[in-house]
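J.: From just these sequences and the hints, can you work out the full model?
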Amino acid sequence: MQPNPLFGCSIRRSTAIVKPAAFAYEAPETVEEALALLKRYGEGAKVLAGGQSLVPMMNFRLAQPEVLIDINGLAELDYIRLQDGPEAGRGLAIGALTRQRTAELSPRVGEHCPLLAEALGHVAHAAIRNRGTVGGSLVHADPSAEIATVLTTLNGRVTLRGPAGERTLAPGDFLLGYLTTGLAPDELLMEARFPAIRPGARWGFLEFSRRQGDFAIAAVAAVLELDSGGACTVARIGLGGVAPAPLRALAAERALVGRRIDGDAIDEAGRLAQEVCDTEGDYHASEEYKRNLAGVLTRRCLAQALERGREAA
Amino acid sequence: MTPRAAHTIRLTVNGEAIERAVEPRQLLVDFLREGLELTGTHAGCEHGVCGACTVLFNGKAQRSCLIFAVQAQGAEIVTIEGLAEGARLHPLQAAFREHHGLQCGFCTPGMLITAYDLLQENPRPSEAEVRVAISGVLCRCTGYKQIVDAVLAAAEAMS
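Going down the list, the sequences are from chains A and B. For the first sequence, position 37 (counting from the first letter as 1) is numbered 97 according to our numbering, and the numbering increases by one without interruption. For the second sequence, position 27 (counting from the first letter as 1) is numbered 39 according to our numbering, and the numbering increases by one without interruption.
The reader is advised that the hints may include incorrect statements.
Reference excerpt, derived from the structure (chain A facing chain B, CB under 8 Å, subset only) [to be verified]:
(1) 78
(2) 186
(3) 191
Don't read these hints as lab results, they were simulated from the structure. For each residue, glycine too, the CB sits at the ideal point set by N, CA and C.
T.: Structure below.
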């Protein structure tokens, strides 16, 4: 230890610099092993996937799990499959451990769910997406997360597995609120299912943040299907960052169905989308600002969806 | 075995096989800097925002402050020390020098590794693509202009 002449105290150069609190480390090689470890350690354990949200929380000691169960070895959870179901229709089943960057660049995602591919491009930066996982973002449940916003907009599903077997939840039953999900401590998220964007459907995604890659102050995803006469048959509008969890602007959707989507229809949808915001604001933006932004982004997102359709036609 | 105890990891760093015992909570950035004395990788914000600690982890740019060293078992890591070939600078390093792509140098290792990953994926990026790619690395000196120039010049030199 050497005295520091500036501060009159001693600075010790540690030989083992550490930030997080101590934890035990387990690296299971199969889902069964991971589930057995979750059962054994209970609430003191946290699952470590990409770690792009959990490790910052541990570095700040906001999270101090006793045990980390590192699932990066579970190759069985790394996949992107196209599925056709009689009930659920066509969709992409994405394994929980699939890296965000892998999904973003996947031709299969680009073809069947381009909305997801585009939204993934807004998740932080490439170096984060190279490690961050689709499942990890969903389980972290940040209210402004793009993946959760798309899952909500498309009314996808998540599959969880625990000691009692598997269960499948709708977005609203899984994304319960700020950093809160329906995942039990002994369960593992296995898969997220994103319904495909049907051929001919129009879609848009917009978010606003202070800088490229920052958390969205507000994000909007939209999907429109029009009949041959130009009348809207299906409308989906999802909002992120303006409520404890992403949510659908159902009244705005209803206002669009059955009519031609002109300027008046878009304005009305924007107004109705503002009303579903459930936020007190945060240090980036006041409630009023966020509410206004949700309306503006909804209008622009619908216009973007229509424009995209014209380009494709 | 108590799981909190040190784990022995075997990995490759800049082409060299390494075997070390690490405490689970030691971050990869601290392992590289303190354990291997590869201090070219910088520890900045230590929560994934500034990008100074970016290394190639199995060929892809990742934050070494958001990975535990114990997770690098079996990994191939390239740090800024591994970019030049002996005394010959990598074209990106040469371009950064030529175009004054650094002032204080703190962000430079992260910038170079991030730009390296970009050019691996996209050998002739547009200026806009370079700007998006380096947006995850914070530089407080250059205003980014010279860095963008350097990456574009390196892309041209390498193609």
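J.: Indicate, hint by hint, whether the structure satisfies it.
T.: Comparing the hints with the structure gives:
1. 78: For residue 78 of chain A, the interface hint holds, since the closest Cβ of chain B sits about 5 Å away, which is under 8 Å.
2. 186: It holds, given that the least Cβ distance between residue 186 of chain A and chain B is near 7 Å, below 8 Å.
3. 191: holds (5 Å)
This entry satisfies every hint, going by the numbered hints stated previously.
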